[in-house]
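*Asks:* These protein sequence lines map, in sequence, to chains Y and R.
For the first sequence, position 84 (counting from the first letter as 1) is numbered 84 according to our numbering, and the numbering increases by one without interruption.
For the second sequence, position 111 (counting from the first letter as 1) is numbered 111 according to our numbering, and the numbering increases by one without interruption.
Calculated directly from the structure, the hints in this document are not laboratory data.
Computed from a predicted structure; not experimentally measured.
Beta carbons are placed, not taken as given, at the ideal position from N, Cα and C, and that holds for glycine.
There's no promise every hint is true.
Stated by the list, open to error - Below, simulated BS3-like cross-link-like pairs (lysine-lysine); rule was C-alpha separation at most 30 Å, straight line:
1. R:LYS45 / Y:LYS28
2. R:LYS37 / R:LYS58
3. Y:LYS28 / R:LYS96
4. Y:LYS23 / R:LYS58
5. R:LYS58 / Y:LYS45
6. Y:LYS23 / R:LYS45
7. Y:LYS45 / R:LYS41
8. R:LYS96 / Y:LYS45
9. R:LYS37 / Y:LYS45
Unchecked claim - Just so you have them, the derived chain R footprint on chain Y, three or more residues with Cβ under 8 Å:
10. 32 to 42
11. 53 to 61
Below, each chain spelled out in residue letters.
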Amino acid sequence: MNMEEKIILYINRAFAGSPAAEKTEEAKEALCADLLEKYRGLIEKGHSPEAAYQATISGIGDIFELVDSVTGENREKALPSSSKILPAAESFQKWGPAAVCGIFFLLWLIRFYLAPGLLFASGLPTFLLGAVLGALGMRAFLHRNRLSFAPLLPKEQRPYQLVWGGCGLLFLAALFSRRLNPALWLIPAGAVALHQVISAWIAFSASRKEEDFHE
Amino acid sequence: MNITSDMIYGYTDGMILCCLSEQDSYGYAINNFILEKSGFKYELKEATLYTTFRRLEKQGHVTSYWGNESSGPRRRYYSITQEGRAYLKQRIREWKEIRQLMDAFFIDKKEEETET
Chain Y
1 MNMEEKIILY INRAFAGSPA AEKTEEAKEA LCADLLEKYR GLIEKGHSPE AAYQATISGI
61 GDIFELVDSV TGENREKALP SSSKILPAAE SFQKWGPAAV CGIFFLLWLI RFYLAPGLLF
121 ASGLPTFLLG AVLGALGMRA FLHRNRLSFA PLLPKEQRPY QLVWGGCGLL FLAALFSRRL
181 NPALWLIPAG AVALHQVISA WIAFSASRKE EDFHE
Chain R
1 MNITSDMIYG YTDGMILCCL SEQDSYGYAI NNFILEKSGF KYELKEATLY TTFRRLEKQG
61 HVTSYWGNES SGPRRRYYSI TQEGRAYLKQ RIREWKEIRQ LMDAFFIDKK EEETET
């Protein structure tokens with residue numbers, strides 16, 4: 001890989017993880033054009049490729065200041081209108097249904113844990129009723145605010161979501177099963193172990209990709 | 001004397017607008033203009049330069065467009081707007097006032113120093 005490719009790689013890495021948006025791509029392209037011109041100018045002045053590369057990179061300064069200024073603007077544009085400050089009435093209209101579901105959910109939670117047997121039969125059906133209420137509240141909130149589930153579940157974190165979601169369900173199932181109760185502690189411990197394995201695998205894959213790029 | 005960015009802080013936008021008031025330009029050329037104009041004593045960091053571009057564009061002082069380079073990454077050209085020119089005039093007025101104010105302090109000191 002030559003020094004010009006290294007400059008482009010440096011910029012791509014700095015912007016890695018930023019939300020993909022037209023503004024981000026434009027900023028990257030314009031910055032690369034300027035840096036490559038600066039690098040070539042230094043070579044013409046007699047610098048060695050390594051020295052020119054070092055001078056070009058150190059001349060950028062705080063790259064994250066720039067990344068933040070670009071991606072901050074993207075985030076601002078991506079925010080739905082509902083996230084801006086709303087008048088009280090409009091705000092209540094938007095949040096009302098979710099708040100009602102939330103209150104029901106909290107009441108259920110309190111009843112389930114502090115006073116079981118008062119209103120409903122305790123156990124799995126009651127737990128599921130609360131879970132459904134919570135899910136409905138969240139669905140109502142997202143629907144009324146025209147939001148989607150997608151930003152809540154970023155794609156790059158999918159393996160972790162599956163592990164923790166799966167272990168969470170297993171934990172709930174174990175809560176209601178007397179046989180599995182003694183082994184309850186094994187489930188979160190297993191989730192932590194799986195999380196570490198996934199992290200290591202992702203880091204390993206990234207390093208392999210980088211090696212391939214260098215070759 | 002080596003000029004640090006702290007000393008210039010607050011005047012970066014004025015320097016960039018000054019360059020653009022002559023002709024449309026792009027990042028590398030603007031940085032070269034500042035470097036030459038300062039007698040090779042001051043060079044902007046690209047991060048500062050681009051952050052300032054974004055701020056000026058957001059405030060409506062500059063607009064930008066792509067150059068038509070046939071090969072390699074395209075250059076982003078910046079152009080000063082009427083609001084930008086008015087803002088630059090205001091910055092120049094401010095600077096003259098600040099300079100007068102500081103001269104009232106430093107010129108006397110300079111005379112004292114030369115006497116000793």
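*Asks:* Checked against the structure, which of the hints given earlier come out wrong?
*Replies:* 3, 5, 8
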